[in-house]
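**Student:** Residue-level listing of the chains:
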Amino acid sequence: MYSLFGKGILKQNSIMKTRLLVGTRKGAFVLTSDGKRTDWEVSGPHFAGWEMYHLKGSPVDPDRLYASQTSGWFGQIIQRSNDGGKTWEQPGTKPGEPTTTPEGFPKAESNKFVYDVSPETGKPLTTHMWYDGTTHPWEFKRVWHLEPSLTDPETVYAGVEDAAMFRTTDGGKNWHELAGLRGHGSGSKWQPGAGGLGLHTILLDPKNPKRMFIAISAAGAFRTDDAGKTWKPINKGLKSQYIPDPNAEVGHCVHRIALHPSKPDVLFMQKHWDVMRSDDAGESWHEVSGNLPTDFGFPIDVHAHEPNTIYVVPIKSDSEHFPPDGKLRVYRSKSGGNEWEALTKGLPQKDCYVNVLRDAMSVDSLEPCGIYFGTTGGQVYGSADGGNTWTAIVRDLPAVLSVEVQTLK
Amino acid sequence: MIRVALPFHLRNLAHVGNEVELEVNGPVTQRSVLDALESTYPMLRGTIRDHVTLKRRPFLRFFACEQDLSLESPDAPLPDAVTKGAEPYLIIGAIAGG
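Protein chains in written order, with our numbering: chain A, 253 to 661; chain B, 8 to 105.
Think of the hints as simulated: they come from the structure by calculation, not from any bench.
Worth double-checking, as some hints may not be accurate.
The following label-pair restraints were derived from C-beta to C-beta distances [stated by the list, open to error]: (1) A/Asp384 <-> B/Ser80: 30 to 40 Å; (2) A/Asp577 <-> B/Ser80: 51 to 61 Å; (3) B/Pro65 <-> A/Gly385: 24 to 34 Å; (4) A/Ala446 <-> B/Phe66: 52 to 62 Å; (5) A/Thr353 <-> B/Arg38: 21 to 31 Å; (6) A/Ile495 <-> B/Gly33: 48 to 58 Å; (7) A/Gly447 <-> B/Arg38: 34 to 44 Å; (8) B/Ala101 <-> A/Pro461: 37 to 47 Å.
Each computed DSSO-like pair below joins lysine-lysine, with the alpha-carbon atoms no more than 27 Å apart [as the list claims (entries may be wrong)]: (9) A/Lys462 <-> A/Lys488; (10) A/Lys441 <-> A/Lys484; (11) B/Lys62 <-> A/Lys359; (12) A/Lys338 <-> A/Lys579; (13) A/Lys278 <-> A/Lys338; (14) A/Lys459 <-> A/Lys488; (15) A/Lys515 <-> A/Lys484; (16) B/Lys62 <-> A/Lys393; (17) A/Lys393 <-> A/Lys481; (18) B/Lys62 <-> A/Lys346; (19) B/Lys62 <-> A/Lys425; (20) A/Lys288 <-> A/Lys338.
For each residue, glycine too, the CB sits at the ideal point set by N, CA and C.
Based on the provided sequences and hints, a complete structural model is requested.
**Tutor:** Set out below in structure tokens:
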């Protein structure tokens with residue numbers, strides 16, 4: 253590191269802190285290190301026993317964290333921290349306070365996600381398509397992904413199952429659906445993927461505050477250019493074997509999309525099968541799977557300083573959710589796709605049969621760029637050199653659902 | 008005072024011990040007990056009953072006095088022993104804790 257990157261960068265990294273927010277099937281963990289990223293402290297489990305689908309910090313106030321805590325028994329809880337994950341609270345009405353205002357209206361309920369079916373702002377959309385093509389009622393199950401605003405720590409977007417997008421503007425106390433997404437026209441044709449009908453990816457365009465991209469399994473990718481009021485499908489060029497119409501507007505099982513903040517019109521996608529790229533903000537897509545050993549997988553991410561360097565973790569197939577040949581390999585393309593190299597140093601190269609889920613990869617903004625991912629076997633791997641070498645930060649957590657990294661001063 | 012026993016995860020959410028004691032005004036029914044519980048511990052709203060329909064969440068059961076009250080009317084009176092605080096009203100996670 254020293255010889256490659258010089259004293260200035262080492263000095264800078266020595267005053268930086270790195271914080272990993274790890275969501276697992278049985279609780280959340282916070283992993284911290286300095287800018288060298290060699291020694292890590294693990295705190296947790298927070299919310300032990302609960303499924304922690306996703307945790308993410310505000311880019312404006314990094315100690316403001318939001319977490320999605322879920323359970324098939326007890327439903328959805330939103331948690332918030334103001335001190336970087338040391339303590340947590342449920343936003344909303346405090347214990348002992350009246351649950352209604354003096355006027356009799358219900359007060360904030362931070363875990364209340366109710367679909368908007370009003371004729372004024374929503375659409376009376378009550379069913380989507382089930383696996384077998386029949387209709388199925390729209391039912392809220394959980395928050396898959398939380399995306400804090402780039403400019404306001406009180407504003408957060410939530411992607412939920414059954415697929416819809418919600419927003420809070422008061423720090424998680426109240427959530428309201430951005431109903432134009434489900435109501436734009438194709439919502440009744442959306443169909444769940446194997447893991448459910450989940451809105452799992454939310455990308456905020458740093459150059460255009462009114463533009464957002466989202467992705468839904470298995471409906472596809474969508475874009476808004478008016479801050480979430482109206483939406484359009486952006487799936488031209490995607491081919492999916494299980495859809496009879498080769499030009500279908502929706503129905504594609506998009507697993508993840510990613511962008512680099514400096515080039516937000518260039519999108520990368522890991523679809524069910526196929527790694528795809530768009531150079532026009534999703535208007536059209538072309539395949540960049542190239543020489544990957546398999547183009548099935550879940551996460552995809554972009555290097556913090558090289559907009560054309562991308563990472564995927566190939567998985568054998570949709571029937572066999574583990575790495576090919578029992579070798580856990582991250583693949584890196586420095587050319588924005590098509591030409592891929594296997595990154596194996598420090599990763600198990602035999603008898604490895606874990607999966608890496610779609611929200612379980614993240615990159616930090618240090619130099620060199622750090623890459624992190626978590627597995628269903630409970631390992632969190634990190635690379636402090638752009639993927640050249642890897643180490644297991646922790647090995648025996650519950651199955652990892654999500655990994656987010658924060659670079660802190 | 009009405010005694011209510013909560014499952015482990017809800018005790019943690021509400022920051023309480025095995026049981027809570029509640030004052031219930033008027034007839035003591037499952038609805039009035041749950042209303043009082045959620046009013047005192049608002050962080051539990053939505054975790055026992057659906058926010059909108061107020062129906063019991065499917066993986067939860069309500070017991071009292073060795074009876075399963077889960078499918079009883081929410082407005083039926085609870086047993087005297089619960090009303091008098093001799094027995095708790097139990098909120099139970101259904102089978103396999105996950």
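**Student:** Take the hints in turn and mark each one as holding or not.
**Tutor:** Verification of the supplied hints:
1. A/Asp384 <-> B/Ser80: 30 to 40 Å: holds, 36 Å
2. A/Asp577 <-> B/Ser80: 51 to 61 Å: holds, 60 Å
3. B/Pro65 <-> A/Gly385: 24 to 34 Å: Hint holds: Cβ distance 25 Å, inside 24 to 34 Å.
4. A/Ala446 <-> B/Phe66: 52 to 62 Å: violated, 22 Å
5. A/Thr353 <-> B/Arg38: 21 to 31 Å: Between A/Thr353 and B/Arg38, where Cβ atoms are some 22 Å apart, the hint holds.
6. A/Ile495 <-> B/Gly33: 48 to 58 Å: The hinted range 48 to 58 Å holds for A/Ile495 and B/Gly33, with Cβ atoms some 57 Å apart.
7. A/Gly447 <-> B/Arg38: 34 to 44 Å: holds, 36 Å
8. B/Ala101 <-> A/Pro461: 37 to 47 Å: Given range 37 to 47 Å: holds, Cβ gap about 45 Å.
9. A/Lys462 <-> A/Lys488: holds, 22 Å
10. A/Lys441 <-> A/Lys484: holds, 14 Å
11. B/Lys62 <-> A/Lys359: Holds: B/Lys62 and A/Lys359 sit about 20 Å apart, inside 27 Å.
12. A/Lys338 <-> A/Lys579: violated, 36 Å
13. A/Lys278 <-> A/Lys338: holds, 18 Å
14. A/Lys459 <-> A/Lys488: holds, 24 Å
15. A/Lys515 <-> A/Lys484: holds, 21 Å
16. B/Lys62 <-> A/Lys393: holds, 15 Å
17. A/Lys393 <-> A/Lys481: holds, 23 Å
18. B/Lys62 <-> A/Lys346: holds, 23 Å
19. B/Lys62 <-> A/Lys425: holds, 23 Å
20. A/Lys288 <-> A/Lys338: Since the Cα atoms of A/Lys288 and A/Lys338 sit roughly 22 Å apart, the hinted pair holds (cutoff 27 Å).
Against the hints set out earlier in the document, violations occur for numbers 4 and 12.
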